[in-house]
Amino acid sequence: MLDTCDFKTQYVLHLADDALVLGQRLSGWCGHGPILEQDIAISNISLDLIGLARQYYQYAAELIGGDTTEDSLAYFRESREFYNHLIVEQPNGDWGDTMSRQFYFDTFHFFQLQHLTRSEDLRLREIATKALKETTYHAQFSAEWIIRLGDGTKESRKRVQKSITHHFPYALEFFETTEFDKQAHDLNLGPDVRELKDKWIEKVREVLNIATLDDINSDAVAKKGGKRGIHSEEHGLILAEMQSVARSYPDAKW
Amino acid sequence: MSQPMGESISIEERFEAFVAEENRVEPKHWMPDAYRKTLVRQISQHAHSEVVGMLPEANWISRAPSLRSKLILLAKVQDEAGHGLYLYSAAETLGTPREKMIDDLLTGKAKYSSIFNYPTLTWADMGAVGWLVDGAAIANQVMLCRTSYGPYSRAMVRICKEESFHQRQGFEIMMNLSKGTKGQKEMAQDALNRWWWPSVMMFGPSDDNSPNSAQSMRWRIKRKSNDELRQEYIDKTVKQAEYLGLTIPDKDLKWNEDTGHYDFGEIDWTEFFDVIAGNGPCNAERIAARQKAHNDGAWVRDAASAYAKKQSRRKKLEEETQDSAA
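These protein sequence lines are chains A and B, in that order.
Quick note, the first sequence lines up with residues 1 to 254 if you use the numbering used here.
Quick note, the second sequence lines up with residues 1 to 326 if you use the numbering used here.
Pulled out of the complex, with its shape left as it was, chain B reads as follows (with noise of 0.2 angstroms):
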């Protein structure tokens, strides 16, 4: 944005000609307000679920029935939190501190993947959660892998990695449980059952009834629409579960030869919606166990930070010792 584009263009549009030609907004480079707040809004809420994603996950790790899962579940939880960790930073460099951030989540103000405000109910829910909730995320992800802020963009390329090992362990799980027992398989498919609705859901409303999708699209922070993005999932999404040999629970559920793609059946979108609005299976649950992390952490932020306010004192405090010594 350095070169001037003609003095009758004002500084609005010539940030929209940046971002066409497929430039990266850096965060030094002026931006429209609307977009820093799109930005800050998004990327908060991408830290949020991470965070709040691994609580479904951690309730699982006491349990997990061999030594490999439970260290192959733990690695993944904790790589949420890096991934929370990289967001945070990102959103940053708008301009808004992550206690700002976080005390957004905690009254309620922020939101977070609704998808992580249902509850995980058995062992196979950590092959669920991983085959079809990271997988819906990774559609999305690949897409911001491309955006237009450069610092979310960079986020996005290290957590894609990630994220796609999480889905391959998922999946994993679903191929050990479906191969198993009778139970097993039962358990598999009763979390497929639970979670593809959901995860369906996790692209958000349809085009025609997603408002801010538009101007995403736009400034280049969206590459895709919702439903785009849902049809690629369904379509991959399928064969996998025809692999499993497992059902998804979708009457209306058939390949399309005029279209190339599946059709699918009716999405609940007043669960959807109740969900958003605070009325899911675990939407309380959730931020209280937020809260009260945060709240039976505050005695030990502040003392590490007290120490630190000491220990920067002693040091000058010798500095000036050796100073007049010399």
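Extracted from the complex, chain A is given alone in its bound form (with noise of 0.2 angstroms):
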């Protein structure tokens, strides 16, 4: 697939991949969350992401023509050919985990969202207008949990030190970029990535120090792979989960 489409395909593509993957695994939580009204929230930012993918995955597969779908997209591709951030396919873990890794990625999509409100291409300007009304709520919740968890009871603060820390080199991926980012950049698609990382940092260490957490560790080496399609092996156990329905009837329409 990298290979077979363009530039702003792929982009559009991994805009949409980092939607559906993430959302995919906060769905796991309902019925499952710890108190109800978290359940009910949780909910609301997975309906919130999967939302967002399939507009971008629409927009994906007009570029693409022919027969392809927002469905064909999301249930037929390998995961070689996804281009989602490795950060987003870790597993759901604790509450602190999802905290965590949703307050790293909720403060970069802000900050890419923010962008992409200005790009070129009337269309991602459409999408990411109405993301980011919702991703400015997202981040505010996840923000607040992390402060809540942080400066809650000494179990909760230990518990969520270690997610931090632990999804920390992950986080870092976002400001890698690829030959897409490049491209999108170059055509004012979107942003130059690298120059959302100062803004990132600065916003993750005031919550983290109000969350009376840690400061950032500064040698921390970014694990990076997911955006040129090597991703951790839970990847494709995601994938098998998410598209088995859909490829056991491939002829069906739903």
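Think of the hints as simulated: they come from the structure by calculation, not from any bench.
Take every hint as true, because none was put in to throw you off.
Coverage of chain A stretches by chain B, computed from C-beta distances (three or more under 8 angstroms per stretch; other residues unrestricted): (1) 28-41; (2) 44-51; (3) 67-75; (4) 149-163.
Restricting the straight-line Cα-Cα distance to at most 30 angstroms, the calculated cross-link-like pairs of lysine-lysine (DSSO-like) are: (5) B:Lys-309 - A:Lys-162; (6) B:Lys-254 - B:Lys-185; (7) A:Lys-203 - B:Lys-316; (8) A:Lys-158 - B:Lys-310; (9) B:Lys-310 - A:Lys-203; (10) B:Lys-310 - A:Lys-162; (11) A:Lys-133 - A:Lys-199; (12) A:Lys-154 - B:Lys-310; (13) A:Lys-253 - B:Lys-161; (14) A:Lys-197 - A:Lys-8; (15) B:Lys-179 - B:Lys-251; (16) A:Lys-158 - B:Lys-309; (17) B:Lys-100 - B:Lys-309; (18) A:Lys-253 - B:Lys-182; (19) A:Lys-253 - B:Lys-179; (20) A:Lys-130 - B:Lys-161; (21) A:Lys-154 - B:Lys-316; (22) A:Lys-224 - A:Lys-133; (23) B:Lys-239 - B:Lys-179; (24) B:Lys-315 - A:Lys-203; (25) B:Lys-309 - A:Lys-154; (26) B:Lys-309 - B:Lys-292; (27) A:Lys-154 - B:Lys-315; (28) A:Lys-253 - B:Lys-185; (29) A:Lys-162 - A:Lys-224; (30) A:Lys-253 - B:Lys-239; (31) B:Lys-161 - B:Lys-37; (32) A:Lys-158 - B:Lys-316; (33) B:Lys-254 - B:Lys-236.
Derived coverage of chain B by chain A (criterion: at least 3 residues anywhere in the stretch with Cβ under 8 angstroms from a Cβ of chain A; other residues may be distant): (34) 41-55; (35) 67-77; (36) 80-93; (37) 167-181; (38) 286-300; (39) 303-312.
Glycine included, each C-beta is placed from N, C-alpha and C at the ideal position.
Fit the two chains together into the complex; they arrive one by one in their own frames, and the hints show the way.
What follows is the structure, encoded as structure tokens:
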């Protein structure tokens, strides 16, 4: 797939894959949240992200043309053809793990979307404008949970510190550039992701500080590969589960 | 009930007359203990059913075969959590805290609808559960919109609106399947075969075997008998199955000109009471899943309440500092 579609399509697919894989992960909390109110809240974020993924996939399907649909892109591509960041495919773990993964992603997503609302591409601009409103709420929600858990009990602090430390190297992949990132930036479609890093670090530090958590590790080395289709072993399992019914009945309409 | 109704009449009799005149009982009103107890049992059981009922459907969110169907299913299961919340709140107006009700569920003291002790085995079950299980639930819930306890009836009005939407979504899944490929049609028929009888049992034991019904009817908590509701449901659903081109698994099912209703076969009450007694296919798994969510979430709830306490202390301290500065 990487070889067959143009950079713009790859870029849109990359945006879609982030939203779908994280939305899929979050939907695993539905029915299993720590309290009903949070069960509802996390399902809402999942709904927003899967809804966002649909809009990007629909656009990508139009760019590719032919028989391609949002569902053929979501259900009939292999793991090696997905361009999501590694962090979004990390397991849900406990509530602290989910919030830490979410906090890093939402903070990045917010700045990414802010930039996309100024894209040269009208369609991306429209999608981003709507998503930015939702993401502003997501980012507030996850930051509040980091603060609550960090400044809550001894146990919650210990747990969320571990999650925050663990996910940090994955988060650094946000600022790694691929060929499609470069092209997208050259065409004024999206941001130069390297330029989002300072703002992201500043916001993350601010929240960690309020949460009484340790400052970021400046020596951390980015875990990368997701955007080039080199995923964790878990990724294939996420897709195997997600795609199982669709692939068992390839000619079916739902 | 503010109007005196004669000195010779007891407060219980005044209450009975009040509900018989189709008045709504509100939390601040006097009510018999047994009325309060019946309602707490029924409303909390209803709330638990919403929350436990999330599990068999949540089982298929990750595998929904299209992005659209994934969104619809996720939103539906999320709605059920919302219904659970309204209902716990309605029950709390009767003086029982939510924590106590949840504790009763987790320790097996409180019941929930037995239908959720059946497994969801294929994607078609998402259609069948929406169409049949939500369909049966609505028949019951429409009646409850006019129940005598105000907060319960108001919660039900809201819930009914969403439930009828869910039922249509379930029917849409069944329609797509029954119009689809051979494999899809088989999946749909298989789901109907497995869900039909459990959904018919959802109305509870037959009237001659339902000891609490008469009192609930008198108090206007319940307004139609189990058998009446069951018959209405069957009459309506048979036509829908015909429209789908699916066969209801009951060889005795036939239209009765004289009664104007469908006659149907014998219900397997042994199975019904077995599942209620805890011997259904998924009773243990459902409670285990709720216990796990509750136990795994304990440290999160503790952290949230510890943080809230710290924040309110900080706020108070800030105010005191400002006061002394002034």
